[in-house]
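S.K.: Can you build the whole structure from these sequences, using the hints too?
Protein chains in written order, with our numbering: chain A, 1 to 285; chain B, 286 to 876.
These aren't lab readings, by the way, just hints derived from the structure by calculation.
Computed from a predicted structure; not experimentally measured.
Glycine residues also receive a C-beta, built at the ideal position from the N, C-alpha and C atoms.
Just so you know, not all the hints are guaranteed correct.
As the list claims (entries may be wrong) - Sample of chain A residues at the chain B side, in silico, Cβ under 10 Å:
| # | residue |
| --- | --- |
| 1 | Leu85 |
| 2 | Ser100 |
| 3 | Leu104 |
| 4 | Leu173 |
| 5 | Phe191 |
| 6 | Ser192 |
What the hints assert, rightly or not - Which residues of chain B face chain A? A partial, calculated answer using Cβ under 8 Å:
| # | residue |
| --- | --- |
| 7 | Ser431 |
| 8 | His436 |
| 9 | Ala440 |
| 10 | Ser447 |
| 11 | Ser455 |
| 12 | Phe460 |
| 13 | Leu495 |
| 14 | Leu732 |
| 15 | Leu735 |
| 16 | Glu747 |
| 17 | Ser751 |
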Amino acid sequence: MGARAVRLRGFEVARGARESVEKPTGGGASVATEPAPLAFTRDLSVGYGGPAVIVDVTFNISPGDRIGLLGPNGGGKSTLLRALLGDLAPSGGVINIDASVAALPQTERSRLDYPVSALDVALMGTLSRLPWWRRPGRAERRQALDALATVGLGDLALRTFGELSGGQRQRVLIARALVQDARLLLLDEPFSGLDAQTSERLMTLLDELASQGCGVIVATHDVEQVQRWDLVLCLNHHQIAFGPPATTLTSKVLEATYGGSIVTVPGDGDGPSRVILPPHHHDHG
Amino acid sequence: MLEPFTLPFVQRALIEVLILAVGAGLLGTWIVLRGIAFYAHGVGTASFPGLVLAEGLGFAAALGALGTAGIFAIGVTALHGRRRTGYDSLTALVLVGCLAIGVILASDVFRSGASIETLLFGSLLLISWQDVAIAAAATVCAVAGSLVLGHRWMAAGFDPESATALGLRSKVPEFVLLALIALATVSALSAVGALLATALFVVPAATTRLWTSRMRSWQISTVALVAVEATAGLWLSVKTDAPPGATIGVLAGVVFAAAALTRALPNQLRRHAPVAASLALLAIVGIGCGSSDAGSNAAASGSAAPIVVVAATTQIGDLVTVVGGSEVKASTILKPNSDPHDYEPRPSDVQATADAKLVFVNGDNLDAWMEKIVNESGSDAKTIDLSLGLPVKLPGESEGAGASKFDPHWWHDPTNAEAAVLEIRDSLVAVDPSAKSSFDANADAYLRKLAVLKASITACIEKIPSADRKLVTDHDAFNYFATAFGIELIGAIIPSQATQAAPSAGDLAQLSKLIESENVKAVFPESSLSPKLADAIAQQTGATSKYTLYADTLGAAGSTATTYLTMMAANADAVVRGLSGGRQSCSIAGL
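M.R.: Printed below as a string of structure tokens:
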């Protein structure tokens, strides 16, 4: 498979992916027919200078993969995302990133105050391509506006970021990731505070990106939602499990992930049971 | 109403603040956005060691300040790169280091003179064209930096965790931001000083932040607000004769409070905000016009008959008033009990100097700032340095290129006061020979009182057993007094003629030992300094610290030491009471 140029409604979102990356699971032999992973980790541990916050994390993400990152608050989800972003260096193991990475941070209070427009935020995505002494010019502006149009916010480009709705803010951040040519998207609790309809719209957008060859990792505490993703990574200071939700999300794994008692509701058919956490786990703000 | 702006030194101040407004307003928004107000505040104060070095080694103060500020910016950036500590704690860390180095340099390496601290306090009224040029350069750099790097500064603050992924790996833009703030703060040092720079850089940006939601409009409105506040503050300061830096600071604070209050009001009341703002503006104009117009008053009296004379210090002011009598209109720059180090001249001081025919200064570096007032006011007055023609001169304690060779506290010996009176008389006669007889008579009468003073103090001190005539004071200001009246000077708590130097623990321990072994009965705090150190030493050694001396200025109105004669008598009385354990006193009649 040669260098891919993936287009999302006329917008180029991916550069060529190198093929010669060693596959982590291939036992040394690389399989040429499968796409090279966007990123993989081997026995990764990460900390903030003191003891490691997460240990023994081993997974890989290939183009088109949508991974749900499941774990309790304080279980290390955000730490893993920051390591993938390059913001935290690993304290042990291997982390290999072979794609441009973009993060969609939680839009908490401090960012709502920020005096920027949707266009300003999208423009931030162009900075990685410019040397530090160059300011974004006309071409970059065009690109940012295109990306905003792609996520359906073309007419709100000049609106203040903090005045947009939660779903719109997430889409602005996705537009920024598009401008960045990011092929690996990291989302930290993107659905918290969104109503069902807005969540659905965001989900569709992410599905579309994945079908174009992007990898998507979504940190969440919502077990029900994770069922929709291709893969799930359960994390509670160490990696509990990694695999397709259908086979991975057993009540044993969930108990290990969340510690406490799990309420299990029998599912229909022979798939996994629907699992609902005790209510206090949903109090996440 | 606009006549303050016809004064040349006010015009130059206006140009300076309008140039500063652009840089300060622009950088102010970045400072507030990125939450680095403490850094902006610290970088000006941190220039202290640079100023000490500049004075000690004899190069330009601006260069010293700029150098230290640059090192400060590099230090904070470097530490920030290593670990993810916030700028606030890093600023505190580096600031403490800078200040500590500054104090050590000032106390132990250079034994600096008193002129350094003045550099940390600026004055808008004493701006030179060189200051204006530095401000212009800083402003141009701020505008250019903001245009080129603004997007990166914004992205780094919006989403610091994604900085690496966003391609903000380079530390250069962050360093440039800190360096530009350092440059701008140092360029504002001569105008408003390190402590009030925040009034230009942070407060207006915080005010307009309440009303704007976009960077561009925020920056434009901040620049406009700084310009308006600075202009209004300058105008108000001339009208009310208040120090301009402080006036601008108060105005900025009031505007911020009003803006914040208006924000908190319910909507239907907020509609009246423009009306309230207009009323407030009217009130400011009212205050300005209602108060005496310092500038024009002084200008008007300049054409009247009396000779306009300016004296730098309170004691010289008293001597000039006595000798000049009704033929002279004397203004004194320093006010009683004010430490000369943190004095910001008022518009009337500068105007009086501009109109003056004669300026009398103490000399020996005690009032080096007076030279600047004379220069920047555009005065063509003749400056008389009274320290030059004195019969008694004692060596100075300061070291370094800018330090004085002689101890500047010469007036504590009445013999020197006599010489100063003669010098003042002759200078006045040279300006107005027609009043010679009056000046001669005034001087003769005063010389007789000085003779009485000298004889009486000598008599009082002689009553104290010579073994008890041992003096410990706050700082080295009483060499002349001790020498004139046969008192042995054991030591000073601050081992320097500069008040900002700090004694080491070793110095204090040595002094305490000395006080005990020499059986010293009293240590004397000074009226314009904190008595804490003297009290502590006294408590430790059993000496008393009850009696206060007037070291650098006369006493304030209402005290017993409002004139040179009564000040000297008060000091003699305090010394006699202290050294005799309160059993004797010294009251001198006929002054």
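S.K.: All hints, please: hold or fail.
M.R.: Here's how the hints hold up against the structure:
no. : hint   : in the structure
1   : Leu85  : holds (5 Å)
2   : Ser100 : holds (8 Å)
3   : Leu104 : holds (9 Å)
4   : Leu173 : holds (9 Å)
5   : Phe191 : violated (19 Å)
6   : Ser192 : violated (17 Å)
7   : Ser431 : violated (10 Å)
8   : His436 : holds (6 Å)
9   : Ala440 : holds (4 Å)
10  : Ser447 : holds (5 Å)
11  : Ser455 : holds (4 Å)
12  : Phe460 : violated (11 Å)
13  : Leu495 : violated (11 Å)
14  : Leu732 : violated (71 Å)
15  : Leu735 : violated (68 Å)
16  : Glu747 : violated (73 Å)
17  : Ser751 : violated (68 Å)
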